[in-house]
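Chain by chain, the residues:
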Amino acid sequence: MSSSAVEVDEAADLVCQLDCVQGMVDALSSVRWKRHQSSPGQDAVVELSEHGIVLIVEETGCLQAKVYLRRELFVTYEYSAEGRPRFGLSLGLFVDCLNTFSSPGHAPVIEIRYPDPDMQLILKSVDSSNVCIYAEIRTRIPDTISWDYNFGPARNAPASFTIKAISLYLHTAPTYLTAVLKEAIDDLEWPSSTIQILLQPEPPSVVFKGEGHGDLQVPNNTYKYKFLRATTSNIAGSVLKDNRGSKLTFGRGGMLKIQHLVSVVKPGIQHPYTDSSGLQQPSRIAYLEFYVKPEEDEGSVDD
Amino acid sequence: MFLHNLLAGDGVQCVAQFGRDLLFRDYRISSQNDDRIAFSIDLALFHRALRSALSILQSQGGGGDPADGGGSQLQIQIKLLKKIPAGSQQPTPFLSFETKGYKSAVIHDVPISKPLSRADVTELQTALDMAQELPQTLVQVPDLPQLQNLVDRLKNVGDILSISITQYGDLHLQVSTGLVTVGSEFRRLRVLGGRADAPPGDQNLSAPSRTRLAMERGEAQSVQVSMKHLAKSIQCHLTKPDCAFYGIAPQGACLTVIFQFFIPGTRQMDKSISLHCRLPVLDTGSV
Numbered sequence: 039m040s041s042s043a044v045e046v047d048e049a050a051d052l053v054c055q056l057d058c059v060q061g062m063v064d065a066l067s068s069v070r071w072k073r074h075q076s077s078p079g080q081d082a083v084v085e086l087s088e089h090g091i092v093l094i095v096e097e098t099g100c101l102q103a104k105v106y107l108r109r110e111l112f113v114t115y116e117y118s119a120e121g122r123p124r125f126g127l128s129l130g131l132f133v134d135c136l137n138t139f140s141s142p143g144h145a146p147v148i149e150i151r152y153p154d155p156d157m158q159l160i161l162k163s164v165d166s167s168n169v170c171i172y173a174e175i176r177t178r179i180p181d182t183i184s185w186d187y188n189f190g191p192a193r194n195a196p197a198s199f200t201i202k203a204i205s206l207y208l209h210t211a212p213t214y215l216t217a218v219l220k221e222a223i224d225d226l227e228w229p230s231s232t233i234q235i236l237l238q239p240e241p242p243s244v245v246f247k248g249e250g251h252g253d254l255q256v257p258n259n260t261y262k263y264k265f266l267r268a269t270t271s272n273i274a275g276s277v278l279k280d281n282r283g284s285k286l287t288f289g290r291g292g293m294l295k296i297q298h299l300v301s302v303v304k305p306g307i308q309h310p311y312t313d314s315s316g317l318q319q320p321s322r323i324a325y326l327e328f329y330v331k332p333e334e335d336e337g338s339v340d341d
Numbered sequence: 317m318f319l320h321n322l323l324a325g326d327g328v329q330c331v332a333q334f335g336r337d338l339l340f341r342d343y344r345i346s347s348q349n350d351d352r353i354a355f356s357i358d359l360a361l362f363h364r365a366l367r368s369a370l371s372i373l374q375s376q377g378g379g380g381d382p383a384d385g386g387g388s389q390l391q392i393q394i395k396l397l398k399k400i401p402a403g404s405q406q407p408t409p410f411l412s413f414e415t416k417g418y419k420s421a422v423i424h425d426v427p428i429s430k431p432l433s434r435a436d437v438t439e440l441q442t443a444l445d446m447a448q449e450l451p452q453t454l455v456q457v458p459d460l461p462q463l464q465n466l467v468d469r470l471k472n473v474g475d476i477l478s479i480s481i482t483q484y485g486d487l488h489l490q491v492s493t494g495l496v497t498v499g500s501e502f503r504r505l506r507v508l509g510g511r512a513d514a515p516p517g518d519q520n521l522s523a524p525s526r527t528r529l530a531m532e533r534g535e536a537q538s539v540q541v542s543m544k545h546l547a548k549s550i551q552c553h554l555t556k557p558d559c560a561f562y563g564i565a566p567q568g569a570c571l572t573v574i575f576q577f578f579i580p581g582t583r584q585m586d587k588s589i590s591l592h593c594r595l596p597v598l599d600t601g602s603v
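Protein chains in written order, with the working numbering: chain A, 39 to 341; chain B, 317 to 603.
Okay, chain B solo, but in the shape it has when bound:
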């Protein structure tokens, strides 16, 4: 389970969870804290170690999927351990990646923090439980490249983005500055949760007026988020999700983006992977 920025209030929060059996063929853990261990790790170093391990597996024809269970000798062993680094007396905790190819083995030790205390883990768990709270209405964005492209272009226009989601399945993004208003509305999206039928005749209205009317009827929510945050959350597309859902948390607390992954070759959601982001809502009360 990877938690990013969960306790900081001002950035994008990101939570990724993997089922144990999805990633690991063999998995052993033991700790005094209900067999849970939490630590923080530098993302860049972690990423480098993973890439390096992957490249060894691929260059030696290992396919890079340790879960395929084909009896392959090629595998990565990941261990939590303490080592005394050169020039130091203190044992330091590391996450160690040992990659065995046919001809070579490479070990990457990525420094990590000390294991978090029981209190810290409890705090994280509470934050995590809160982060799992689902928005009342979620709409599905089917075409992620299109959304990504749009956000790339909107970035040039302004820094603050209004996002409105209606219970009819409309997602409306709008950037407004003193000189220009640019927006995009995606309509008739799949709705999860609270839904309503669009009032007749509303297709003749412009996107801003449709959104305004839906807000007046209490069938839509609207928040403002930082364009930078949205762009960051869209980087999650690098994980090649199969679809994404957008929703606004109760009381407009945050914008929630939930990514879904299908079981390869099917249209069925893979429940062993979960990834979602929460974008802080900008305070607009003072305007």
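For reference, chain A alone in the conformation it holds in the complex:
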């Protein structure tokens, strides 16, 4: 039994309530690329601020993902910390705990509180007085994020990498883009583990190209397939179906940024056809960002 028995309502840094657990599970699961490996699982760093919650996961300094859960996603959001508290936890445990709350046909309201006297993250269902589910998650002092990439405008990127091409693509098939992207990346079963991405304005298109070994001629940047795959492979089918689109951007030094929008809507109040433009209230969207570093210029491809 844990020692959180003492009911002291000490000022927590954050107390917020959420009515769409499933949306949050979907958003967080999308960055859970180590799901199929057993221990030790995937560590995440959570940063709290008055604007919302950011969850950051990264791997070997080459791939980083951020999930932005803005305060507008929450029913209530009481933030009373100074600075921006950060803590580390196991992403898998966090998602499994959240999953405990969601059940078919029932959208619970949960309270998220940090910290308790033992510096734990507390989740608690608050919508029924007769059934209460709770979770107390041990947190850690966070690992330092090895790179906090400031994604500035890509001024020194080659001109051909224009976002226009992407946005044209977005206009043609806004609803299916993430699905298309996922499919394209899944299909890249090519001999090389290195993928080249080309954006062309005429005709507007994105080209994913796998090169054979030692055949790198193009001065564009290349990305490891496994990292590229991680940016789409864990996105739940329900998210793809009701998708807001994805966006690819190239930043300084060839850093690839892939942004997905995941709607976080309480089931039952979802009206996919109310807005013909396919836009939902921006407040009900979680932003996922993946950053993939290009491969080092060594000419040799391994892995």
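Calculated from the structure, these hints are not laboratory results.
Hints may contain errors.
[Claimed, not checked] No more than 25 angstroms apart at the CA atoms, straight line, and that leaves these computed lysine-lysine pairs for BS3-like:
| id | chain 1 | residue 1 | chain 2 | residue 2 |
| --- | --- | --- | --- | --- |
| 1 | B | K399 | B | K416 |
| 2 | B | K395 | B | K416 |
| 3 | A | K72 | B | K471 |
| 4 | A | K162 | B | K416 |
| 5 | B | K471 | B | K548 |
| 6 | A | K264 | A | K285 |
Small disclaimer: the values here were computed from a predicted structure and weren't measured.
Given the coordinates of chain A, work out where chain B should sit on it, guided by the hints.
Showing chain B alone in chain A's frame:
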């Protein structure tokens, strides 16, 4: 009467009893042991024979309920018999299912053990009598799918589950590992047996502290069981029980789950069916 695992100490025990008239239109038995015959049967084969018989009845419009007594020709005849299987000299006991449809008849012979000896039957009966011992306090879980869903999710968290039952009608499940504690408390459940009034003001406490206080007052019991065992017992939901009661046997000997079935179309308990499980309690003394 089906007894599963009754004599083994380490698994889930399950006892199902059916009233004779509920299942059978005609029933004849004769044995030298007070007209009782006991044998063991492979569950998978037994299940297959029943499914096959049912599918024949259903495909031929027989409704599959031999108890309806509507004079239907479609019925299953179940017999205990001995046959000499191909390639053997020894007569072997079988439970034989003969299903007669309008156009076809199918016979399934399910191999069974030799009838248990008088001593074995007595031993089983003793174990059964002990298994009938009721916990002092039982709480009723009204929403079985909800419980099932919860246990499915908790399975991902850990292997050992603490279950606490208070005399106020609270059922508290908790899984705790070094990194996380996840629990769920169902409150104000219907109580059978020993009950007490919840102390005032306890609704402001967290579930773990409420349980701890109730334990200190001697108005609650708590045991640890294997998550796998609980998940297995929850498979009993496949029998579509109408409600389930949870209780902890005296001295925390085991966790007892009693399923109840209503007479169709009523809220009255059908006394001719009984199903209950006993989950072994994990030894926590060494911790």
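Unsatisfied constraints (hint numbers, rising)
4
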